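Participant: So you can see what is in the structure, the chains are spelled out below.
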Amino acid sequence: MKKINADKIVWLILLILSIFLVLFPIYIMFKYSISDRRSWITGGEYPVPWWPFKPTLEMYKYYLGDKRFWSNGWLSLKIALLTVSFSLILGTPAAYSLARFKFNGKAFLLFLILAIRFYPDISSVIPVSYIFNKSFLYNLPNEIKISLAHCLLSLPYIIFIAQGVFETIPVDLEEQALILGTSRFYAFLRIVLPIAAPGLAAGAIYSFLLSWNEFVFSYFITATSVSSEVPLPVYLKTLLGSFSPNLVSISTLSLLVSIPVIIFTFIVQKYMIAGMIKGAVK
Amino acid sequence: MAELKLMNINKRYPNGFHAVKDLNIYVSDGEFLSLVGPSGCGKSTTLRMIAGLEDISEGELYIGNRLSNDIPAKDRGIAMVFQSYALFPHMTVEANITFGLKIKKVPEKIRKEKLNWVLELLDLKGLENRKPAELSGGQRQRVALGRALVLDPDVLLLDEPLSNLDAKLRVKMRTELKRIHKKLKSTIIYVTHDQAEAMTLSDRIAVMKDGKLMQIGTPSEIYNNPANKFVAGFVGSPAMNFISGELKLIDNKNYFVFEMGKIELPELLKEKIKESIKGKDVVLGIRPEDIEISFEKDNNSLTGVTSIRETLGSDDYVTVEMGNILLTVRVEPEKFIPMDEKCYLKLKGNKMHLFNKDED
Amino acid sequence: MRKILIAFRKNSFLIYSLIPAFLYIGFFALIIGFYLLKLSLTKYAGGDVVLSSTLYNYIKIFDDPMFNKEFSDAFRRTLIFVIVVTPLQLVTGLITAMLINKSFAGRGIVRSILLLPLAIPTIVTTSVLLILFSKGGHMTSLLMGRYSFFPKIFDYEISFISNPYTSIGLSIFGKVWRDTPISMLILLSGLQQINEEQYEAARTMGATAVQNFFYITIPLLMPSISSVLILRSIEAWKEFIFPYILAPSYPILGVLIEKYYVQLMDPGTAAMVGIVLIVCILVTSYVLTYILNKINRYLIRA
Numbered sequence: 000m001k002k003i004n005a006d007k008i009v010w011l012i013l014l015i016l017s018i019f020l021v022l023f024p025i026y027i028m029f030k031y032s033i034s035d036r037r038s039w040i041t042g043g044e045y046p047v048p049w050w051p052f053k054p055t056l057e058m059y060k061y062y063l064g065d066k067r068f069w070s071n072g073w074l075s076l077k078i079a080l081l082t083v084s085f086s087l088i089l090g091t092p093a094a095y096s097l098a099r100f101k102f103n104g105k106a107f108l109l110f111l112i113l114a115i116r117f118y119p120d121i122s123s124v125i126p127v128s129y130i131f132n133k134s135f136l137y138n139l140p141n142e143i144k145i146s147l148a149h150c151l152l153s154l155p156y157i158i159f160i161a162q163g164v165f166e167t168i169p170v171d172l173e174e175q176a177l178i179l180g181t182s183r184f185y186a187f188l189r190i191v192l193p194i195a196a197p198g199l200a201a202g203a204i205y206s207f208l209l210s211w212n213e214f215v216f217s218y219f220i221t222a223t224s225v226s227s228e229v230p231l232p233v234y235l236k237t238l239l240g241s242f243s244p245n246l247v248s249i250s251t252l253s254l255l256v257s258i259p260v261i262i263f264t265f266i267v268q269k270y271m272i273a274g275m276i277k278g279a280v281k
Numbered sequence: 000m001a002e003l004k005l006m007n008i009n010k011r012y013p014n015g016f017h018a019v020k021d022l023n024i025y026v027s028d029g030e031f032l033s034l035v036g037p038s039g040c041g042k043s044t045t046l047r048m049i050a051g052l053e054d055i056s057e058g059e060l061y062i063g064n065r066l067s068n069d070i071p072a073k074d075r076g077i078a079m080v081f082q083s084y085a086l087f088p089h090m091t092v093e094a095n096i097t098f099g100l101k102i103k104k105v106p107e108k109i110r111k112e113k114l115n116w117v118l119e120l121l122d123l124k125g126l127e128n129r130k131p132a133e134l135s136g137g138q139r140q141r142v143a144l145g146r147a148l149v150l151d152p153d154v155l156l157l158d159e160p161l162s163n164l165d166a167k168l169r170v171k172m173r174t175e176l177k178r179i180h181k182k183l184k185s186t187i188i189y190v191t192h193d194q195a196e197a198m199t200l201s202d203r204i205a206v207m208k209d210g211k212l213m214q215i216g217t218p219s220e221i222y223n224n225p226a227n228k229f230v231a232g233f234v235g236s237p238a239m240n241f242i243s244g245e246l247k248l249i250d251n252k253n254y255f256v257f258e259m260g261k262i263e264l265p266e267l268l269k270e271k272i273k274e275s276i277k278g279k280d281v282v283l284g285i286r287p288e289d290i291e292i293s294f295e296k297d298n299n300s301l302t303g304v305t306s307i308r309e310t311l312g313s314d315d316y317v318t319v320e321m322g323n324i325l326l327t328v329r330v331e332p333e334k335f336i337p338m339d340e341k342c343y344l345k346l347k348g349n350k351m352h353l354f355n356k357d358e359d
Numbered sequence: 000m001r002k003i004l005i006a007f008r009k010n011s012f013l014i015y016s017l018i019p020a021f022l023y024i025g026f027f028a029l030i031i032g033f034y035l036l037k038l039s040l041t042k043y044a045g046g047d048v049v050l051s052s053t054l055y056n057y058i059k060i061f062d063d064p065m066f067n068k069e070f071s072d073a074f075r076r077t078l079i080f081v082i083v084v085t086p087l088q089l090v091t092g093l094i095t096a097m098l099i100n101k102s103f104a105g106r107g108i109v110r111s112i113l114l115l116p117l118a119i120p121t122i123v124t125t126s127v128l129l130i131l132f133s134k135g136g137h138m139t140s141l142l143m144g145r146y147s148f149f150p151k152i153f154d155y156e157i158s159f160i161s162n163p164y165t166s167i168g169l170s171i172f173g174k175v176w177r178d179t180p181i182s183m184l185i186l187l188s189g190l191q192q193i194n195e196e197q198y199e200a201a202r203t204m205g206a207t208a209v210q211n212f213f214y215i216t217i218p219l220l221m222p223s224i225s226s227v228l229i230l231r232s233i234e235a236w237k238e239f240i241f242p243y244i245l246a247p248s249y250p251i252l253g254v255l256i257e258k259y260y261v262q263l264m265d266p267g268t269a270a271m272v273g274i275v276l277i278v279c280i281l282v283t284s285y286v287l288t289y290i291l292n293k294i295n296r297y298l299i300r301a
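Protein chains in written order, with numbering that gives the first Met the number 0: chain A, 0 to 281; chain B, 0 to 359; chain C, 0 to 301.
Please keep in mind that the hints were generated in silico from the structure rather than gathered at the bench.
Everything numeric in this text was worked out from a predicted model, so none of it was measured.
Keep in mind that a hint or two might mislead.
Unchecked claim - Label pairs and their in silico Cβ distance ranges: (1) T55/A to Y57/C: 47 to 57 Å; (2) W73/A to G105/C: 33 to 43 Å; (3) N138/A to E127/B: 54 to 64 Å.
Note that CB positions come from ideal geometry on N, CA and C, so glycine has one too.
Chain A extracted, bound-state conformation (with noise of 0.2 Å):
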């Protein structure tokens, strides 16, 4: 029989360990959202069962067949590709000059990017959603402000994944092509993205997973717009806050708007991870 290692035994129970406390409120949710009536509402007279009496996809049904759950959705969605979009032409040009070249007041420019993030969420929000609702920007589709307004947000990190991504390319490939007669932003364009993009994806992910995410913005944003189209993180709220939630219900929609993160997770963990390594390589 094999020696039994002690180090191997702690390292499996704290594994274990993890993925319980992980999983266990996704289960919770899961187990939720397919209950009958009767095993959430049990009046005290049992204990909530770990699994319904009667599993039912009734909710599913429900917001599967909802239209506006879909145009959520579909809002959401948009407001995700958006801001990964805005943040990469922002943040992908910005971050190649801070690696690559030495100038006078590199450092401030770091603070300032830095600086926008000390501000809390709900204080910078003030003002964010004034400047989008009451100024000239107010005509703009819910969309594009809360894809903004998201880029805030995302741009810090954007920028510091990318900078760290674009240390790791070696300066002799840029130079190389300069000397092969092409310019500075032709290099940049088919030589030095070309190479990064696996590195930025991971940048491109953080801020897909931030905006999808994101509650506190696209709240205020869309608290006072026209439009009846809420993201699907506001969605939820407006079931949690109502006077006699149902349970089923909240968790229902919870799951829906995780399962497609969930999904995409699953997908580009090898993307995060690598992306992550290399904007720390500084």
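Keeping the supplied structure of chain A fixed, place chains B and C upon it in accordance with the hints.
Facilitator: Frame of chain A; chains B and C shown alone:
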């Protein structure tokens, strides 16, 4: 092809570091010039200034009679091979080689011709569609070279192109480079820290130290008449032996005197002696192959004790101890030399060098 | 003049690439800062401006006994929240990072699972915790011993949300649960840069696993640990959503902002609390950086 002129070139970095000082080099059309020196001597900076990757702080750079200080890299008519090869990892060999031509909007037909010519020249046939990651070190090196050669550069700049190869491949690529230079007759500036590489490849060598040009000349000039102690010590392997001492005039003859003895200096060094005699402290230099070892006393020889023998195959080297001074002496491989024995060293008169001690 | 033009053309790429992002961030950073400052210096009553350019909102902290109590309670809760959450996230992040820094079958799946809290929207996390800890929910039933596998701990049903300690505790749990993957990723990137050979070298000199951890892992991980502590403490000060949902009756400063801005229509007080938070964040970051530098220097010497 073109000539290259560096006139009073200086490089100062914003932090005040003076990387290259008053550099004057003329490279004639078709010449193979090596820039050698220890790391940090400014040789790479010089190359990067010629390439247009670094600004020139002061001085003038002429490429083929054209003042090129402010001409962007791509319009200088140069091509460069980087130490890291800088192959574009996401492009095939073909795309890498023809990249520069494509940028310059050379028609497809000519591109193909040039590609085939280079593939042929560098023995890369059949690798066109591979990515750099799928190539061996030597192949990558040749692709990098090919990418530069297809552009028909006026001046080809090579930045330590062989240093990432293993020893055996390096020697092979050395011959290859020489063959290509002979065939294309291109002007080549070659940066290396390996003096042996520079010696075997170049028409002329420029030795640099601390941003200054120490000496420029043909390999044999550099080897046989080093301008100063630094050049003497840098070129040649194993390195030249140095003995510190002073000059003395005894019986109207010039002697080099040091703690372990004295040596009469030949007539040949007369001029040098006149120059050096002012600063009394001098250094005597002698290469390992210019010392004869014997076990019979001879006049005008030095006494020492044999201690270690190293075999390099074609040559053997014996270390001889003279007090604290260690001298390396070349001996024939088949010759028997007893170790830990008293021996006598005779220095070849016409191969002795005298250097001022203060200057490097 | 010509020189400037040449310099500009040479650096035009640098300038064009930096301007959009920094103009955008800079514009909002300045506007937010200016606006908050201005609001915090304005006195509101019943949703209308009563007095501008006044320190009233700040003085109120000390002069108005009602507000003083509310503010200092919120401040105390926030401080506890920060002090517990920050190191806790470091520990959970370090444990999970070390767990998956080993290679084993199924590592990809485990990594994805451990990243999940980051992917799930905060509002979802809060709602699940709300369900799990609600009256008549699983947790109260569990603690009352109503499931056969768990001993009875309480006779009565505890209401997690309306108890000052458990509600903040629940917020802390939620925050740590959600943000551990971020700490994990930062620390994992640090761990992956430690060469396995260093451990092996130490082992040949007789170091145990525990010694390896304290003498090699921790010192080499200091840069990652520093960034986790600083970034996480900033986020902890700023926290809003978890206590907003899970501890509505026991507000921390972030929740106080929402209360004054939305419910009481007093943006002046709300902005003032925001400014106080920013000052706290700046002070914490500065002090933490100072302490971490000290520790780092000590570790290098030791």
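Participant: Look at the Cβ atoms of W73/A and G105/C and judge whether their distance stays inside 33 to 43 Å.
Facilitator: holds (35 Å)
Participant: How does the Cβ-Cβ distance of T55/A and Y57/C compare with 47 to 57 Å: does it lie in that range?
Facilitator: Between T55/A and Y57/C, where Cβ atoms are some 56 Å apart, the hint holds.
Participant: Taking 54 to 64 Å as the stated bounds, is the beta-carbon spacing between N138/A and E127/B within them?
Facilitator: Given about 55 Å between the Cβ atoms, the range holds.
Checked against the numbered hints listed earlier, the structure breaks none of them; every hint is satisfied.
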